[in-house]
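Please model the entire structure based on the sequences and the hints provided.
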Amino acid sequence: MNRFFRNILRTIAQNKISYIGAVLIIAMGALTYTGMTEFYIVLEEKSMAYFNNTSFADVFVEVTAMPEQKVSMLEDIKGIDESFGRLEGNLRLLRDDEKKIITIHAMAYSPNDKMNKILLEPTPDNIGDTDIFISKKMCDIYGINSGDEITVIANNRTKKLTCKGIAYSSEHMSSTADESAKSPDSSVYDIGVMSKEGLENLLGKKGDITNIGLRLSKGTEYSDVKYSIEQMLKRYNVVSITKKADQDSYYAITDEIDVYKLIVSVIPTVFMAVTVFMLYIVLKKMIDKDRILIGTMKAFGASDIEILTQYMKQAVVIGIIGGVLFLAPAEMMGKFLYVDDANYFNLPDFNYEVHLSSWIMSIVISLATSVISVYLGVRGVVKINPAESMRAAAPKGGSSKIPAFVDKILNIRQKIGLTSMLRNKGRSLIIAVAVAFPFSCITAFGSYNILVDKMVDDQFGKIENYDIKVKLTEFIDRTDAETILRNMKDVSDAEAVASYSTLMTAANHYEYAPLIVLNNNSDMYRIMDRYGNFYEPRDDGIIMSHHLANKLKVKKGDTVKIECGDLTYTNSPVEIPIVGISEDASGTYSYINGAGIERYFPVKDRVNLLLILADEGKDESIKTQISKMRNISLMFTKDDQKASYAEMMSTIVLMMNFIAVFSIIAGVLMIYNIMGISIRERKNEFGTLMVLGMTKREISEIIVFEQLINFCIGILLGIPCIYAWCRIIEFAASSDTETITMQIFPIRIAAAILVCVISTVISVVLIIRDVFNMELTDVLKERE
Amino acid sequence: MKEILRAEGLIKKFVSGEIVVNALRGVDFTINEGEFVVVLGPSGSGKSTMLNIIGGIETITDGKLFYNDIEVHNLTKSGLTDYRRKYIGFIFQFYNLMPNLTALENIELAAELTDNALDPKELLKAVGLEERAEYFPAKMSGGQQQRIAIARALCKNPDLLLCDEPTGALDTKTGVDVLKLLLDFNKKYNKTIIVVTHNANIAYVADKVVYFRDGHIERTDINEDPLAPDDVEW
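Protein chains in written order, with my numbering: chain A, 1 to 784; chain B, 1 to 234.
The hints are simulated quantities; they were obtained by calculation from the structure and are not laboratory data.
Possibly wrong hints are sitting among the right ones.
Capping the alpha-carbon separation at 27 Å, the derived lysine-lysine pairs in DSSO-like fashion look like this [unchecked claim]:
id, chain 1, residue 1, chain 2, residue 2
1, B, K2, A, K284
2, A, K16, B, K86
3, B, K77, A, K383
4, A, K16, A, K205
5, A, K289, B, K139
6, A, K100, A, K555
7, B, K173, B, K121
8, B, K77, A, K289
9, A, K454, A, K261
10, B, K2, B, K125
11, B, K77, B, K139
12, B, K125, B, K187
13, B, K139, A, K683
14, A, K383, B, K64
15, A, K114, A, K261
16, A, K313, B, K86
17, A, K136, A, K159
18, A, K114, A, K408
19, A, K313, B, K77
20, A, K234, A, K561
21, A, K383, B, K13
22, B, K139, B, K121
23, B, K86, A, K383
24, A, K16, A, K696
25, A, K205, A, K160
26, B, K125, B, K77
As structure tokens, this is what we get:
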């Protein structure tokens, strides 16, 4: 059978464009799958290794301050094996050329830290009292290099510090400056690391710690020790107690990885499935051409297995080439995605290690795709008896009658084309699918980045509509805040609102979530759901985002208990009804108005956030005024927030963009290949028409007319496919805190149609040229 | 002469949707070892169907077919494959050569399927195309292609050679050459050959002539004194 395989190989060589197309289609699928799979595997491995290597704690407690020597008393609680305390506090970084309020969250370092170890680069022999290591992102943003002197304000005193390098903390891979902030922004908030003595001096907290890490005994659950911890630390004013899974950094990265996992397991798999189908069509068409030869081989006594084996060899060659071809680009894509995310999460390890397993997986997937496609293609021919396989397959039949009203408006060439389509519906459908696939993919995946831009614009245009947000160091009376705002110049509009960090409990579910106190009839901070509906904050209860409601397993009409040091002085929780659930696009927030605060909590309506809309072109003036105020802890500009929010979504946007680009490439290949094969297999038919006297122009008209109809059917078929892709994207890209509601944008539909039109036109032109280049005598000698 | 093939009440129906075509309506015949049999009949009379059934490439709807001691009608799919591989050679009207194999490679292809294959190069020489060994089918005439197809079929060294319109696509002279080749193989190796054809003149060279009409055998003539191809008025 070696000679038969040689015949197959030479057939491949003769139809190299089709086979190269098939290999590229398979390679595109493998590239998407491998690149994205390896990316999240590497991200998961690296981040989990980071947590392990830094002895990430099981429980995190933040207190206002407590003596360091008291920390070990927590080990008396049954179920706690080890405890560790660290002093942390905020420093304000002063930059001569920068009007932003920049906060460095400073952490005390000791090489002997037992938990939540900090990595410093370069590793120091010792750290002086005025030495500081700063996060890489903040150093990059402000151009701070090792040896540079920086000025900070701490405890109302200005101090010069020397930057000694880069600091990484697994606790602060993704830290937001403020509970109401949507996303981390290293231009206003990131970490710095100092010696314990140096930070104690700066903060004036000698011998104190603020943050505690606890290691639980094997078999102990967080819920077993939570109450005991609260009771033991009550006198030190507990700000928060969090288990590992809910710790900001850990939650952020695991939540992100979960989303990636879902995206990678759903989207490339569906993409791959479509490529299998397309590859199957391409290979089946090619194998169909061997129908008579297969019949002849069977007549000579070749067994089905022998024939299948020869074609399987072909499948193996295609599969291996397809799997190996784009391994390098897959690595590049995975690395690109990883570096983007590693940078976002402040991971210390940017090395992207190639996983042999994913390479093998790529080849296996590619091989399986190819083998399945070839098997399905050959099976049909092999299973029929030899005599039958030596006859050309007859059309399936069915109605080929052109409706009378259509018949009237078509000329003879168009009628020939339409009749041919009606008699070969499968062939037409396959071409339509080849158009529908790229059309739907480009439209849906290409719309994602516009959707994210829109989400960002909605968040900082419709929901939060201000130029600058200022966070005060403490809550102040609303009237005082209004006085501050009235005294500022160049303010077009301003409002004061509040954001409280709270612990919300419902039955045995709890969440740390911000309670935002908004003003009624506000234009600057509103509650808006993902469908664009606005809600007014109420005084008879809270409106809760559906993400938070889902986590707490509550619904409208239920109540939640709220604990917050700034709201409930007695530390006894306040029960408050849920008066509405808002289908927010993102975040786990709840909202109330000032009157509601006064109604339910033993405090006055106070504020800690100032929202300012500057007069046209007066942003800098406002920033200057704010930077001179003393009671300011943070300042966010709209542009910075938009940029950081967009950065947060960037990796998924990149993934969707990759898929959109791959869809374009795969689409062009599919359209050309499938159209080409479908038309070329009719060479004999066109040759006969030419012999009968039809001109090239008339035959071109038949081909163009048919492909135009196929194209239109493809576009129509693409519409439900777009809908399906949108639901898949929504399912895969949504998380506990982010709900994606896909929208399709006309610009992407136009782009998708353009790509398909160009691909179709080029394909038709090349194919027509190919048809007319045939030798009539040769073609007519061929048996169909 | 030893009986090699016996058919008893062969029936073949083709069913396509609601349409049933009775291709064979109960066919009985016997063929002896070394016979050169010609099957004649108009188009659609069932002669090719019968050839395909004998060759094991078409299944039987009803009836019995024996090849020596083999009950062909009872053979499984793999049994039929084995039967074709060991005993049967095929020659088709349109040659069915592998378009991407050279003339020699096409013959070698058949040699790979059997253990007692004849030498492909010798056969190429025997059909007078040794200088065309490296030619692809597309570069050869119809007669040359059919000669390659014959060499390919003979290369398997089959006991029963089935030829479906072997000269149908050829001019008279080439047809005669092809016929000579077949007869030569028949005589030289004592192989049984069945030729299905429209060409009534071929009947003159046959040992036995079977006439088909409407799916059954109309009559069978024994030719006591077959002519040599060159003696036939074509």
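Tested hints:
no. : hint            : result
1   : B:K2 / A:K284   : 46 Å, violated
2   : A:K16 / B:K86   : 36 Å, violated
3   : B:K77 / A:K383  : 10 Å, holds
4   : A:K16 / A:K205  : 75 Å, violated
5   : A:K289 / B:K139 : 20 Å, holds
6   : A:K100 / A:K555 : 40 Å, violated
7   : B:K173 / B:K121 : 24 Å, holds
8   : B:K77 / A:K289  : 24 Å, holds
9   : A:K454 / A:K261 : 25 Å, holds
10  : B:K2 / B:K125   : 32 Å, violated
11  : B:K77 / B:K139  : 36 Å, violated
12  : B:K125 / B:K187 : 18 Å, holds
13  : B:K139 / A:K683 : 19 Å, holds
14  : A:K383 / B:K64  : 23 Å, holds
15  : A:K114 / A:K261 : 32 Å, violated
16  : A:K313 / B:K86  : 25 Å, holds
17  : A:K136 / A:K159 : 21 Å, holds
18  : A:K114 / A:K408 : 87 Å, violated
19  : A:K313 / B:K77  : 23 Å, holds
20  : A:K234 / A:K561 : 19 Å, holds
21  : A:K383 / B:K13  : 19 Å, holds
22  : B:K139 / B:K121 : 19 Å, holds
23  : B:K86 / A:K383  : 21 Å, holds
24  : A:K16 / A:K696  : 26 Å, holds
25  : A:K205 / A:K160 : 19 Å, holds
26  : B:K125 / B:K77  : 35 Å, violated
The earlier numbered hints that this structure contradicts are 1, 2, 4, 6, 10, 11, 15, 18 and 26.
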